[in-house]
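Line by line, the protein sequences give chains A and B. Quick note on my numbering: the first sequence kicks off at 1 and runs consecutively. Quick note on my numbering: the second sequence kicks off at 1 and runs consecutively.
Because the hints were derived from the structure by calculation, they are not lab data. Worth double-checking, as some hints may not be accurate.
A short, non-exhaustive set of chain A residues, derived as facing chain B with CB atoms under 8 Å [said to hold, decoys possible]:
no. : residue
1   : G60
2   : S61
3   : L70
4   : G71
5   : V72
6   : G95
7   : S98
8   : T99
9   : L103
Taking lysine-lysine pairs in the BS3-like style, the calculated list, with each CA pair at most 30 Å apart, reads [unchecked claim]:
no. : chain 1 : residue 1 : chain 2 : residue 2
10  : A       : K106      : B       : K52
11  : A       : K104      : A       : K31
12  : A       : K104      : B       : K32
13  : B       : K52       : A       : K104
14  : B       : K32       : A       : K106
15  : A       : K28       : A       : K14
16  : B       : K52       : B       : K165
17  : A       : K28       : A       : K178
18  : A       : K14       : A       : K178
19  : A       : K31       : A       : K106
20  : A       : K30       : A       : K178
21  : A       : K106      : A       : K14
Ranges between beta-carbon positions, derived for each pair [said to hold, decoys possible]:
no. : chain 1 : residue 1 : chain 2 : residue 2 : range
22  : B       : L122      : A       : P179      : 45 to 53 Å
23  : A       : E153      : B       : R45       : 52 to 60 Å
24  : B       : Q166      : A       : K14       : 47 to 55 Å
25  : A       : R202      : B       : Q166      : 18 to 26 Å
26  : B       : A98       : A       : A123      : 21 to 29 Å
27  : A       : R202      : B       : G123      : 40 to 48 Å
28  : B       : A66       : A       : K30       : 31 to 39 Å
29  : B       : E25       : A       : P125      : 46 to 54 Å
30  : A       : I120      : B       : F158      : 43 to 51 Å
31  : A       : E32       : B       : L143      : 33 to 41 Å
Because the structure is a prediction, the values reported are computed rather than measured. Don't be surprised by glycine CBs; every beta carbon is placed ideally from N, CA and C.
So you can see what is in the structure, the chains are spelled out below.
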Amino acid sequence: MSDKMNKPLARNTKVMNRFDLTARLVAKLKKEEAVVGGIGNTNFDLWAAGHRPQNFYMLGSMGLAFPIALGVALAQPNRRVFALEGDGSLLMQLGCLSTIATLKPKNLVMIVMDNGIYQITGAQPTPAAAATDLIAVAVGCGLTNSTWAADEEDFERLIDQSLTASEPMLIGVRIDDKPGTGTTRRDPVQIRERFMLGLGVREAL
Amino acid sequence: MAAADGQISAADSGQKASHEKAWHEIVLQTLKRNDIRLVPYVPDRVLTRLIKEIHADPFFTTFPTAREEEAVGIISGAWMAGMRGAVLMQTSGFATLANVLASLAIPYQIPLIMLVSERGTLGEFNYGQSLVCRTMRPVLDSLAIEHHTATRLDEFEFIVDRSIKQAITTQAPVALILSPLLTGGKVFDK
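Okay, chain B solo, but in the shape it has when bound (with noise of 0.2 Å):
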């Protein structure tokens, strides 16, 4: 699925057959469906479609932030005023956000919906991302924040889906890792 070539792969840029839609079109349309109008980011060049499409539908609010952590302030702030979002980012963007969790999204019971491009594994070139890749997981554990990783184009508006509704109703965070499996990653790029 990933090109190797440095070329984004099939799986983003949409040539799929009719009926199979590409990664980014189900999490536009699920936000919508689950009524997600916020989408502050830090970019990724993995995100760079699905940040360009919700920049394109004036159902959202989207903008870029300058930090992680200020994107699920604002988040926060938006969900307890009757507004619901979700924040873009990498891996090396979640690893920032320890001290947000710990002291915001989770004791105040706040349902933040993270989308997380997954860097640092499957073609990594980078050391430094491959090394805070590894700080991912056992961050979420730790805290016992809801997470997946998303590898499958056919499971994936299931998982988008239901993560959206149970982070809503148990007012509770969620990570979702969109998996190089998935999405293609980013491969030996400059």
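Chain A on its own, in the form it takes in the complex (with noise of 0.2 Å):
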């Protein structure tokens, strides 16, 4: 093993902060897009940008925010759809990123949050956190419009530039290596009935 095994990736990017940036995202959200939280931090930084009707708060299901989100992306075409996703998540399900590519959904914006460790964990280095290239990842995937935001004004750049896009988007963002700001209140039942209620698919009781 050598030296490099531990070592992240060197990029030509500001390492942020993901509830800086969670933060930015949720003030530019002005027509109830939709936003899907990965598991654990990912999500409880979304909790704590101050919870919106059109939120979903993953408990389990690790690397299944990119599949969700695209599921309401194919269902409510004209609504934009958020997800965010950790890096550790996302190695779990790299090949969603193919189906996402071929089916282009024009309404589909992908953020990868990428620290190259599992934080909630006790921060062990990922399998690709010296060694792989995510935003490479996705590209060769199908998904051409993938890129690293350099610093948190390129990161609100992009997501300006989301709001309008005509095929699939997927922002990478280096992130450091704190843990979440909030805890999403483990309701589950309430979590997607919330949800459904801020997509206009139910009416409350």
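Hints in hand, dock the two standalone chains.
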């Protein structure tokens, strides 16, 4: 085993903060856009950024934020759908990038929060941390509109662009090793029901 | 019913008396009647004809996924956004689903409709398939998921139609296991 093993991949991108970026994203959502938050810190920070009726919080099924968001995007093609996923989670389900690239839903925006570690389990490095560029993977899968955000300003610019994009977009952000800011209330039935209300699928009892 | 020479059986080829629909026609029509439009799948030889026919029908949005749990995620998101779906898979694919069933479909009360082509029994030639098949019903039972094994054409439409309706109204997953007795299965093929 070389020293290289645990050294994160060198990139020309700023290390940012998950909560800060999530709050910047949420502040730009004015049209009841759906947001699917992947497990752990990703949805904790979505929760902490202020609950919206169009937010869905996962409490398991690691790796399914993009597939769940794809389902929402297919069912409601006129609503923009954002999916927030951790790098470790995405590694569990890389195949979904090919599915999404093939279907090309124009209203799906994917954001990968990449800190190279499984923060919530004790900050162990992921198998990809030292060797894999997830944006290059996404491009290789056929998601040509995939890019790293250089800094916060660039992230905001990319989000602005994504709000009117006509093909699926994937944004990678390098983030620090901080844990999530809040803790999502773990009530799956209520989370699902409120999400459905927020998407106009249900009426309240 | 099952052909022994490696060919797809009569039940699958649709060579039935004109009044008797083939099992895959029943699936397609019953999905349609219940407004199940989204059908992601991981393929199986037995499902070939059904998959082809669903692709040919513009009513459906259908496509392959890389993994079965990916398809479950897609169906879950679509249902929450107002579009009904069903997942097609084979036995070994079902064996990958325990985590997503226990952490998404059941706790969030998603009416996940699974059509599972049964490999591993009644003439299986791959030992791995026969072993993994034995895990399927214990997993379904341990999670108290409604499941039926369809063996007869004359009951099949009733089982499919009622199971779909029950899944939707009770917001609970259901697995419909398509036995080789119904489909002819896959026998001593390459």
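To see whether the hints hold, each was checked on the structure:
Nearest Cβ of chain B to the Cβ of A:G60: about 2 Å, under the 8 Å cut. The hint holds. Among the interface hints, the one on A:S61 holds; its C-beta lies about 4 Å from the nearest C-beta in chain B, closer than the 8 Å criterion. The closest approach between the C-beta of A:L70 and any C-beta of chain B is roughly 5 Å, which is under the 8 Å cut-off, so the hint is satisfied. Against a cut-off of 8 Å between C-beta atoms, the interface hint on A:G71 holds, since the closest Cβ of chain B lies about 3 Å away.
A hinted interface residue such as A:V72 counts as satisfied when its beta carbon comes closer than 8 Å to some beta carbon of chain B; here the least separation is about 4 Å, so the hint holds. The beta carbon of A:G95 is positioned within 8 Å of a beta carbon in chain B (closest approach about 2 Å), and the interface hint is therefore held. Annotation: interface hint on A:S98 holds; nearest CB of chain B at approximately 6 Å, less than 8 Å. Taken as an interface hint, A:T99 checks out: its beta carbon lies about 5 Å from the nearest beta carbon of chain B, inside 8 Å.
At its closest, the beta carbon of A:L103 sits 6 Å from a beta carbon of chain B; the interface hint therefore holds under the 8 Å criterion. At most 30 Å may separate the alpha-carbon atoms for a hinted pair to count; A:K106 and B:K52 meet this at roughly 26 Å. For a cut-off of 30 Å, the pair hint linking A:K104 to A:K31 stands: about 21 Å separates their Cα positions. Taking the CA atoms of A:K104 and B:K32, the gap is near 25 Å; set against the 30 Å cutoff, the hint holds.
Among the hinted pairs, B:K52 with A:K104 is consistent with the structure: their alpha-carbon atoms are about 21 Å apart, no more than 30 Å. As the CA atoms of B:K32 and A:K106 are separated by approximately 26 Å, the hinted pair is consistent with the 30 Å bound. Between the alpha carbons of A:K28 and A:K14 the distance comes to roughly 21 Å, so the proposed pair stays at or under 30 Å and holds. A distance of roughly 25 Å separates the Cα atoms of B:K52 and B:K165; the hinted pair therefore holds under the 30 Å criterion.
About 23 Å separates the Cα atoms of A:K28 and A:K178, which keeps this hinted pair within 30 Å; it holds. Note on A:K14 and A:K178: the hinted pairing holds, with a Cα-Cα distance of about 15 Å set against a maximum of 30 Å. The straight-line distance between the Cα atoms of A:K31 and A:K106 is roughly 16 Å, inside the 30 Å bound, and the hint therefore holds. With a CA separation close to 28 Å, the supplied pair A:K30 and A:K178 stays within the 30 Å bound.
For the given pair, A:K106 sits about 28 Å from A:K14 by alpha-carbon distance, which is consistent with the 30 Å threshold. Hint check: B:L122 to A:P179, Cβ distance near 52 Å, so the stated range 45 to 53 Å holds. In this structure the supplied range 52 to 60 Å holds for A:E153 paired with B:R45, their Cβ-Cβ distance being about 53 Å. In this structure, B:Q166 and A:K14 meet the distance hint of 47 to 55 Å, their C-beta atoms being roughly 52 Å apart.
About 19 Å separates the C-beta atoms of A:R202 and B:Q166, a value consistent with the hinted range of 18 to 26 Å. Remark: the range hint 21 to 29 Å for B:A98 to A:A123 is upheld by a beta-carbon distance near 27 Å. Judged by the Cβ atoms, the range 40 to 48 Å given for A:R202 and B:G123 holds: they are separated by roughly 46 Å. Distance hint check for B:A66 and A:K30: the Cβ-Cβ separation is about 34 Å, which falls inside the suggested range of 31 to 39 Å.
One distance hint, 46 to 54 Å for the beta-carbon pair B:E25 and A:P125, holds here, with the actual separation near 52 Å. Separated by about 47 Å at the C-beta atoms, A:I120 and B:F158 satisfy the suggested range of 43 to 51 Å. A hinted range of 33 to 41 Å for the beta carbons of A:E32 and B:L143 is consistent with their spacing of about 34 Å.
Hint violations for this structure: none, all hints satisfied.
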